[in-house]
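For the protein sequence lines, the chains are A and B, in the order given. Heads up: the first sequence begins at 0 in numbering that gives the first Met the number 0, then just goes up one per residue. Heads up: the second sequence begins at 0 in numbering that gives the first Met the number 0, then just goes up one per residue.
Since the hints were made in silico from the structure, they are not lab data. Warning: the hint list may mix true and false statements.
[What the hints assert, rightly or not] Residues from chain A that keep clear of chain B, each with C-beta distances beyond 10 Å, as calculated:
{"hint": "1", "residue": "Ala25"}
{"hint": "2", "residue": "Arg32"}
{"hint": "3", "residue": "Met57"}
{"hint": "4", "residue": "Asn131"}
{"hint": "5", "residue": "Gly132"}
{"hint": "6", "residue": "Trp182"}
{"hint": "7", "residue": "Ala199"}
{"hint": "8", "residue": "Pro201"}
{"hint": "9", "residue": "Lys207"}
{"hint": "10", "residue": "Gly218"}
{"hint": "11", "residue": "Val253"}
{"hint": "12", "residue": "Pro285"}
[To be verified] Estimated spans, in silico, between C-beta atoms of each pair:
{"hint": "13", "chain 1": "A", "residue 1": "His170", "chain 2": "B", "residue 2": "Ala219", "range": "22 to 28 Å"}
{"hint": "14", "chain 1": "A", "residue 1": "Leu54", "chain 2": "B", "residue 2": "Arg178", "range": "34 to 40 Å"}
{"hint": "15", "chain 1": "B", "residue 1": "Val246", "chain 2": "A", "residue 2": "Asn95", "range": "30 to 36 Å"}
{"hint": "16", "chain 1": "A", "residue 1": "Thr62", "chain 2": "B", "residue 2": "Pro195", "range": "38 to 44 Å"}
{"hint": "17", "chain 1": "B", "residue 1": "Lys64", "chain 2": "A", "residue 2": "Ser198", "range": "48 to 54 Å"}
{"hint": "18", "chain 1": "B", "residue 1": "Pro74", "chain 2": "A", "residue 2": "Asn95", "range": "55 to 61 Å"}
Glycine included, every Cβ here is placed at the ideal spot set by N, Cα and C.
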Amino acid sequence: MNPGDKHSVPEADDTSSAESLSLTKAASFFQERPPQAIEVAPQALPHWTRRDVLLFGMGAIATLVGGSSLLPQTTLERLGVIHGNKDWSKKEWLLNRALRIDDDVAEALYSRNRLVPTYAKSQITPLKNNYNGATPDPSYIPGWRLTLDGLASGLSVSLDIRNLLGSFRVHEQITRLVCVEGWSAIAWWAGLRFDDLLSAYPPVSQAKWARIESSVNLGPYGNPDPYFVSLDLSTARHPQTLLATHLNGKPLTVEHGAPLRLLVPVKLGLKNIKAITRITYGKHEPADYWAKRGYSRYDGI
Amino acid sequence: MPHSMQLANEQIATSAPESQAAGVVVARRHHLLVRFSHWFNAPILLGLILSGVSIYWASPVYQHKPDPVTGNFDPLADVGIWICAHLPGLHPCSSPPDWVYNHISLGPGMLAVALRLHWLCAYLFMLNGLVFVIGLAMGGGWRALLPRPTDLRDALKMFRYYLGAPLAKLARRSWMHPRFNTKYNALQRVAYFSVPVAGLLSILTGWAIHKPVQLYWLAAIFGGYDKARIWHFWLMWIFILFVVPHVILVLADGWDTLRSMIVGWSTRTGRSEGLEQ
Numbered sequence: 000m001n002p003g004d005k006h007s008v009p010e011a012d013d014t015s016s017a018e019s020l021s022l023t024k025a026a027s028f029f030q031e032r033p034p035q036a037i038e039v040a041p042q043a044l045p046h047w048t049r050r051d052v053l054l055f056g057m058g059a060i061a062t063l064v065g066g067s068s069l070l071p072q073t074t075l076e077r078l079g080v081i082h083g084n085k086d087w088s089k090k091e092w093l094l095n096r097a098l099r100i101d102d103d104v105a106e107a108l109y110s111r112n113r114l115v116p117t118y119a120k121s122q123i124t125p126l127k128n129n130y131n132g133a134t135p136d137p138s139y140i141p142g143w144r145l146t147l148d149g150l151a152s153g154l155s156v157s158l159d160i161r162n163l164l165g166s167f168r169v170h171e172q173i174t175r176l177v178c179v180e181g182w183s184a185i186a187w188w189a190g191l192r193f194d195d196l197l198s199a200y201p202p203v204s205q206a207k208w209a210r211i212e213s214s215v216n217l218g219p220y221g222n223p224d225p226y227f228v229s230l231d232l233s234t235a236r237h238p239q240t241l242l243a244t245h246l247n248g249k250p251l252t253v254e255h256g257a258p259l260r261l262l263v264p265v266k267l268g269l270k271n272i273k274a275i276t277r278i279t280y281g282k283h284e285p286a287d288y289w290a291k292r293g294y295s296r297y298d299g300i
Numbered sequence: 000m001p002h003s004m005q006l007a008n009e010q011i012a013t014s015a016p017e018s019q020a021a022g023v024v025v026a027r028r029h030h031l032l033v034r035f036s037h038w039f040n041a042p043i044l045l046g047l048i049l050s051g052v053s054i055y056w057a058s059p060v061y062q063h064k065p066d067p068v069t070g071n072f073d074p075l076a077d078v079g080i081w082i083c084a085h086l087p088g089l090h091p092c093s094s095p096p097d098w099v100y101n102h103i104s105l106g107p108g109m110l111a112v113a114l115r116l117h118w119l120c121a122y123l124f125m126l127n128g129l130v131f132v133i134g135l136a137m138g139g140g141w142r143a144l145l146p147r148p149t150d151l152r153d154a155l156k157m158f159r160y161y162l163g164a165p166l167a168k169l170a171r172r173s174w175m176h177p178r179f180n181t182k183y184n185a186l187q188r189v190a191y192f193s194v195p196v197a198g199l200l201s202i203l204t205g206w207a208i209h210k211p212v213q214l215y216w217l218a219a220i221f222g223g224y225d226k227a228r229i230w231h232f233w234l235m236w237i238f239i240l241f242v243v244p245h246v247i248l249v250l251a252d253g254w255d256t257l258r259s260m261i262v263g264w265s266t267r268t269g270r271s272e273g274l275e276q
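Can you build the whole structure from these sequences, using the hints too?
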């Protein structure tokens, strides 16, 4: 052993003790602490208890009344809390506010440059006919035309399916369609980009919205029930927002919105309107079929 | 740990003779923010579950072959049919399958209202979770929740105690409560640690199924959109299965425990919880 070795021994000890000190420090940081005990006058705890239980009770009653007033009217009627129709427009404020905040979050999450996930052909799943109400009679298809309104030219343009397929490039994608109800389907779509249509037929300046409607939609008893959705033009310009003409390699069937439907994978299925007959551009947000029925308006997913 | 324990015991020991004459010693148990978030969670969770079950009915995951008589395919609706058939006064119920829907959720066919209520409660739940975490950090209560190496063995001991306690009471025999020198016993710790974790997972799976396209990577963590829905569904059952014994045990434990979650202070000044009587 040389003297140098002897010197190194205490040094090594020093570092290991410093390490173990920091280890115990770390361990004691996570260690449960003894309860903070104080001595109080004998009446102090009953006094605090009375005060806090009263406060708690008031809070509980306020929450119960406030919370149950948010329940839907039919639920309150079923529970026997209210009888008959009452005007409840004011209570909707808080729920509408939460819906708007959620729409703002969805809008913040959206980016025109972020592509949605695409899938392989082996991942394709069945897609059900989810026509709200009844499936329309296919007799509308031969005479079908798409009308564009609110264009920069000031004119109204009417196109048939051959105009559309002949003058635009067809894009394909396998994407997921997500329904507000919770089910989803992966399907193989083809069609023209909405963005290309917007470039070919530019909307009026400062237009931010498109109202897209289908005049052939039917209600639950087979009566005419035109369907219409609002779509912000930022979403319409997304590269995966298609005006779809084909599903799984074949032209769209009447169940899936022949001959032209909207395919917007960044939105809930209910925005993916079938059998589009008219698109109108404008500065102001147009009405939306499901927003009128209590659903959100932006529906970004 | 033994050192700090001794210190705590000494503190109590020195103040004990005085307390008999002048006052009482009380110990802080829960921070104000923890108490607030604990109670506020109750209505929020109720709203989330009621609206969540209603949303689930719009597209139920678990289905069986349609019943030849009723045409019902939903296992929970079977419960409604059973209840209507066996409880007096409910038969004939206007719609036996809907009985459960109408009594344990907002009801079927109410997707729009259920979604609005669910978003409101979900944002409140996230805010409330933040309040809870801040309260734990400020009061230092998080340390009492951390799992320990001895927890599995001690949790089994506690489980054995809870199983035997009602029987011992009936037989009028003494039944020793296991001794722990911590704020919570191991079983409580497992529960109080898991429930916030389940809350966090509910929030994450909730976002995964709410924004499955923009947050597709989050859905992918849980095995994709459809699997994330199933995670979200079963996480709800963790809350339901936690609440039932939680309420029973608090009530069995007595007023001091319940009061400490309202007032924040307890007369149990030692670290040990529920020593042998």
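Now for the hints, and whether the structure bears them out:
1. Ala25: Its Cβ never comes within 10 Å of chain B, the nearest being 13 Å, so this holds.
2. Arg32: violated (6 Å)
3. Met57: Fine: 12 Å to the nearest Cβ keeps Met57(A) off the interface.
4. Asn131: Given a closest Cβ separation of 13 Å, the condition holds.
5. Gly132: The assertion about Gly132(A) holds, with a minimum of 15 Å to chain B.
6. Trp182: violated (5 Å)
7. Ala199: Since the minimum Cβ distance to chain B is about 27 Å, Ala199(A) lies beyond 10 Å and the statement holds.
8. Pro201: Consistent with the label, Pro201(A) stays out of reach of chain B, its closest Cβ about 28 Å off (over 10 Å).
9. Lys207: holds (20 Å)
10. Gly218: Check passes; 16 Å lies beyond 10 Å.
11. Val253: holds (24 Å)
12. Pro285: Its Cβ never comes within 10 Å of chain B, the nearest being 19 Å, so this holds.
13. His170(A) <-> Ala219(B): 22 to 28 Å: holds (25 Å)
14. Leu54(A) <-> Arg178(B): 34 to 40 Å: For Arg178(B) against Leu54(A), whose Cβ atoms are near 35 Å apart, the range 34 to 40 Å holds.
15. Val246(B) <-> Asn95(A): 30 to 36 Å: holds (34 Å)
16. Thr62(A) <-> Pro195(B): 38 to 44 Å: Distance hint for Thr62(A), Pro195(B) is violated at roughly 21 Å.
17. Lys64(B) <-> Ser198(A): 48 to 54 Å: The hint (48 to 54 Å, Cβ to Cβ) holds, given that Lys64(B) and Ser198(A) are roughly 52 Å apart.
18. Pro74(B) <-> Asn95(A): 55 to 61 Å: Between Pro74(B) and Asn95(A), where Cβ atoms are some 35 Å apart, the hint is violated.
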